[in-house]
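Note that the protein sequences, when read in sequence, are chains A and B.
If you read the first sequence in this note's numbering, its first letter stands for residue 707, the second for the next number, and so on.
If you read the second sequence in this note's numbering, its first letter stands for residue 32, the second for the next number, and so on.
Check before you lean on any hint, since a few could be wrong.
[Said to hold, decoys possible] Residues of chain A clear of chain B, computed beta-carbon distances all greater than 10 Å:
(1) K898
(2) I944
(3) L964
(4) Y986
(5) K1036
(6) K1073
[Claimed, not checked] Straight line, CA to CA, 30 Å or less: simulated DSS-like cross-link-like pairs of lysine-lysine:
(7) B/K754 <-> B/K427
(8) B/K305 <-> A/K788
(9) B/K343 <-> B/K67
(10) B/K67 <-> B/K342
(11) A/K898 <-> B/K427
(12) B/K343 <-> A/K851
(13) B/K754 <-> B/K157
(14) A/K851 <-> B/K305
(15) B/K441 <-> A/K898
(16) A/K889 <-> B/K427
These are computed hints drawn from the structure, not numbers from a lab.
Remember, predicted model here, so these are calculated numbers, not experimental data.
We treat Cβ as the ideally placed atom computed from N, Cα and C, and that holds for glycine.
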Amino acid sequence: MNIKTTLAALFVAVTFAVSCSDDDNAPANPGNFILAVTPAASTGVADYLLTASSLDTGSVSTAENGVEQDGTYRYYVTHNNKFFSMLYGQGNPGAVTAYDIQAGALNKLTNFQTETVQSFAPVNNDLLLVKIARNLATPTSSWYKVSTESLTITSEGTMNTLDITGDLGELAHFTWIKQVGDKVYAPYQTIKDRSFNTDYPDQAWIAVFNYADMSLDKVIEDNRTSFIGRYFMDGLSIAENGDIYAFSPSAATTGGALSSTKHSAITRIKSGTTEFDEYYFDVEDASGGNNITSWLYVGNNNYIVHSQAKSERTSFPSGRRVAVVNVINKTYDIVSGLPAFDDIASLTTNNYTPKDGRTGYIGVNLKDGTGYVYKIDVTTKTATQGLKVDGGTLTAIQHLD
Amino acid sequence: MALLCACGIFAQAQTGSIRGTILDKTGEPAIGLMVKIQDLALGAATNHAGAFVIENVTAGKHILLVTGIGFQSLQHTIHIETGKEAVVSLTVESSSTELEEVMVVGRSEVQETNRQAYNVTAVDAKQLYNTTLDLAGALDRVAGVRVRESGGVGSSFNLSLNGFSGNHVRFFIDGIPMDGFGSSFQINNIPINSADRIEVYKGVVPISLASDALGGAINIITNDRYRNYVDVSYSYGSFNTHRSVINAAATSERGLQVQLSAYQNYSDNDYKVKVDAADIWTGAYTPGAWVRRFHDVYHNEALIAQVGVVKKKYADKLLLGITLGRNYKEIQTGARMVSVFGKWHRRGDVVTPTFKYRKQDLIKGLDVTLNANYNLGSEQNIDTMNVRYDWYGNSKPNGTSGERSRSLYKYKNNTGVATAMASYRINDRQSIAMSDVFNTFNRKGSDVLNPDATNPPSKTQKNVLGLSYAYSKEDAFGITLISKFITQKNVVAAQEARATTDKIGYGIVGTYFFSTSLQVKASYELTNRMPEAQEIFGDVENFEGNPSLLPEQSDNINVGLAYTFAADANNKFLLNANGVYRYSRNFIYNRLNNNQSKLIPDNREGVRTYGGDAELRYSHKRLISAGVTMTYQYLQNMQKIEPGYTGVSPVYLDQMPNIPYLFGNADVSVSLRDLGAKGNNMSIGYNMLYVHAFYLYWPSRGSDKLDIPEQLSHDVNIVYSLKQGRYNVGLEARNVTDALLYDNFSLQKPGRGFYVNVRAFFHKTSNN
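Please construct the entire structure, taking both the sequences and the accompanying hints into account.
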C-alpha cells in the first residue's frame, strides 16, 4: 500500500535524522596538562577533564571534547603521578575516578568509592580523607586511608572532634590537612553550628596527628591571627628548608557576620619545632587592607596569592585579585597584566607550578564566559595570557608526567 | 432482544409525536444513539437518560431505526396517530464491538472523545482490564507519552507528553485535579480496572479541566457505566507482587447509590540490578555486578466509599465519600544508584472526604458540576540508622546523621481542592463554559529527633478561573476559544509573604472534517503554570524543593490529523499524526542537585520544542489488531546567558539533556472467538517498547560521555475470557528478554517478570 510505504519511509527518516553523533574520543589537544572545566550552565551539570600540551599557548574547548565527569562539586588531586577526580556528594558515598596520562590522553585506571569528605591530602603513598562532624551532638569524625597503589581503602577510624578543642565546647572543623614529616597537621576553625559560627574568632589552632594511627599528638595554638586557611582551602605551606608558613584570611563569623578583630596575616612554625615562632607578616598592613584567600607556593619563598579588598570580604572568601608575596622579605605586590578586575568572574584555586621559584599558572574565568590560563612571573610581578579555554569555567589545572 | 411497546394519547393536529426511552441489556440508559424515522427526514439522539423525542411526525405507520456505536442496530415499527404521542421503550443489544468495527462503523465514547476539536487521545481502559497494568502502564503505550518510573511497584514516576514532563502535565480523575491526593493515590498505583477510559490531551486543555497545565493533561474517567455490579480481580507475579481490586456499586430503584472501590498493591521489588557494587570496607568496585534489591518493599491499600443519590430531579449524581488509604515504601536508592539505603523508609496515610455533584440541564442547557476534597492524611519520613549500606546489604557505622539525614519527620500537607464548573448550551452550535479550581497546600510537621528545628511556613494557594466559548457543527467543524486566569500565593521560609502572582492565558482550538474519515485539528495557546507545592517545598525524600522557582509560560502550537481508511472490507487502517511547536519561558525542569543526591526543579530562561508523533493501527477482521507509535521531540535550550556571565552560554541551542527524544511502541494482538465454547474468547497480545539512547548531560559537551543506553523491551500476554467476559484469566510476561531498562538518571527498572491475573465481573440487569 502506498500510504504504508510512505509511513515506513517517514519513520525511517525520523530515525536517521536523530541518530547519534560520532564517537571519536581522542582529545583535541593531547598533552600532559589536565584542566577541569564546568560548562557555565548554572549547576548540576557534569565537569569535563581536558588535556593540553601547553599552558602558555593554544586553546581547548569542552565542545565535543573532554572526559565527562559524573556530576559537578568535584575535587581534584594528583598524587603518585595519578590524577584523582573525587565527587563531593553530601550523604552519598564519594565516587572517585583515577586516571593517568598515556600518549597525551587521560586513561581511566579505576573507579572506587570512598566517603564524602571535607579534607583530603596525599600522605606517604596514600590519600588521607577526613569526614568532619558539624553537629555538636554528634561529634564523631571519620578518617580513611586510601592506597594510591591498590586504590582501595586500607584502613579507617574515628576521632572526637569536640574533644580536640578542650573545654571550648565547639567542634574542631579542619580547614584542610597536610603531611609534615611523619605527622599530619590539621589547621582548624572552631564551629558551634552548621553555619560555621564561632565564639572564638580571634584564634588559630593546628591539630597534630600521628599518621600511623591518627592519634592526636598535640594542638598548636596562636592568638595573633584568626583560624588558618578556610573550608576546603589549604592554609599551610612547607618551604624548602622545612619551615611551615600559614596564612589566615581573617574569615571567622559569629552570628552570621564576620567577627575577627585579627588581621589577615602569615605566621610560621620553624622546621623541627611544633610551635609558632615570632614571625608575623601583617598582610593587611602591607597591602592596604587586602587579605589572602588562597595561595600557590612556587618555591624560593615566593607565593602567588588571591586576595580580597577590605570591602569585598566574605565568610567563605574567594579573592579575585592576584598578588605576589615573598614571605622572607614580607612583600606584597599586585600582579599586572591580568584582565580588568570587573571582568573576572572567578580564579581557580587548584593550580599548577613547576616549583621553579618563579612561575605559576592560574585560571582566570571571565564574565563573558571565556577562560584563560595566565602565567604569573613572580620576579616581574606580571601575568601573561596563555591557553584559552572555551565552553566552561576552569576549576583546576594539574599536570601528570 | 426484548421489545416492549406502549402507547399514550395526546391531542394534536395532523401530526403526532414519539417519546421513547432506550436501555441496554443491563437496564442502563443507552446514550447517544441515533433514532431515525425511515423515509422521513426526522430523527433524534438519545440523551444521558436514554430518552428521545421526535415531533411533527406525520400520522401513519413508520419504521424507527436505532443505530449507535456499541449496539446492534434495531428496527421497530410504530403507528402514529394524529395529535397523539406514541411512547416506546426499547432495549438494544450490545454488539461485541471490536476496535476495527468501531473504527468504521461508528464511534464509541473513546472515539467520540478523539473527535473533539482538542488534540486528545482516549485510551479504552476496558480493553486492558484483564492485564495487571496500572494507569501508568496503559499511558506508556500512547503516542507522544513516555512514563518514566524510578523502579518497580510504587516507585515515583514522571510522565512526559510531547516534550513536556513532570508537572507540565496535569492529572485529573473525573475532572478533579489529583494534585493533593497523596502518595497512595497516583497513576502508578491505581489499577486499570478503576478507569473506564483515559483521556490524554496534548496541548490545549478544555476548560472543564481547569488547571494551569503547561503542556497537556490526563483525565481518568472512572467507571460508572453500570449501576449494579461487582468487579473483582487479583494478580500475582514476580518479585512477590500482589495486586487486588474490588469495584462495586449498588443502586436502589429510588436512586440511592453506594459505590465501593478497594484495592491493594504489594511488592518486594527485589529484582536484580546491574551496578558497580562497591565493597563497603575497601571501596573497591566490582564492575557490572548483579545484585538483588533488598530494601524496596512497597505496599499500599486504599478504600474509596461513596454514598449518595443518582438521577434525581436536583442531581444526576450527588455523592459524599471518603478515601482512606495508607502506604509503606522502603527507599532503596537516592537519585542515583550509587547511594544505597537499607532502612530508610516512608509511611503515609490518606483520609480524604470527598463531595461530588453533577446536574445536567439544571435549567435547560445548563450543566453544573461541583467537586471538593481535602486530604487530612499524614506522611512520615523515617531515617534513624546511623549506618551506610552497600549493594550487598552490608552496613557499617557512618557517623551520626542517619543514612541520608536522620529523621522521624512527620507532616501533613493539608491539601484541598474545590472545583466548580458550569456550561451552557446556547443552541445546537454554541456553548459557553466557566470553571474555577482552587487548590490549597499547607505543610506542617515536626520531628521528635530534631525538636528544635524551625519548620518554616510552607504554604501555597492557587486559583484557576477559566472561560470558554465553543461553536461547532457536527461532523463539519468546531472552534473553541478559551481563557484562563491564574492566581498563586506562596508563603515560603523566612522570606516575607510573597506578593501574589497573577497570570493570564488564552488559546484557540479548531477542527475541520474533510470527510467523516479525515479530520484535522489545530490549536494555539499562551499558557502559564505556577510551581507546584512539591516543586516549591520538596517531597522530603529524593526531590528537593526550590522556593525561588518562577512560574513558566509557553506558546504552544499543535496540529493533528486523524484519518481512517480501508484497503478492503477486512483490512482497515487508522492514522493519527501530530506536530507540536512550543516555546517556553522560565521552563521548569528537574536536574540533579550539586551533590547528585536529589533532584531539584530549576528554571531555564527558554526552551524550544519541535516534535511530532504518529500512530498507525491496522486490523484484519476481528482476528488481528496491530499498531505502531513513534514519537520524536527535540527540546532545545534557548537560554543565551547564564547567571553571572555576560557571554553566550556554551550550551545555548544545545539539546536538553537527560530527556528521551525518540521512542515508540508496537503491539499486535490476536483474538480467537468462541474458543472452547460459545462466549469464550482468547486473546494473545504482544507489546514492544523502544527508547533511543540519550545523554545524561548536555550533548554538545565532552567526547567521552555518559549516556542512558537504548532500551528495547517486549511484553506478551494471553487472556482467556469465559461467559462473555464474566470470568477472565490472564497471563503476562513482561520484559521477556530481560533487557536492561533505565529511567530517570539511570535508575534501573525490573527485569523479566511473570504475572497471572484472575478477574470476575458480575452485573445485575435492572428491571425498570
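Q | Numbers of the earlier hints that this structure fails to satisfy, in rising order | A | Numbers 6, 7 and 12 - these are the hints that the structure violates, sorted from lowest upward.
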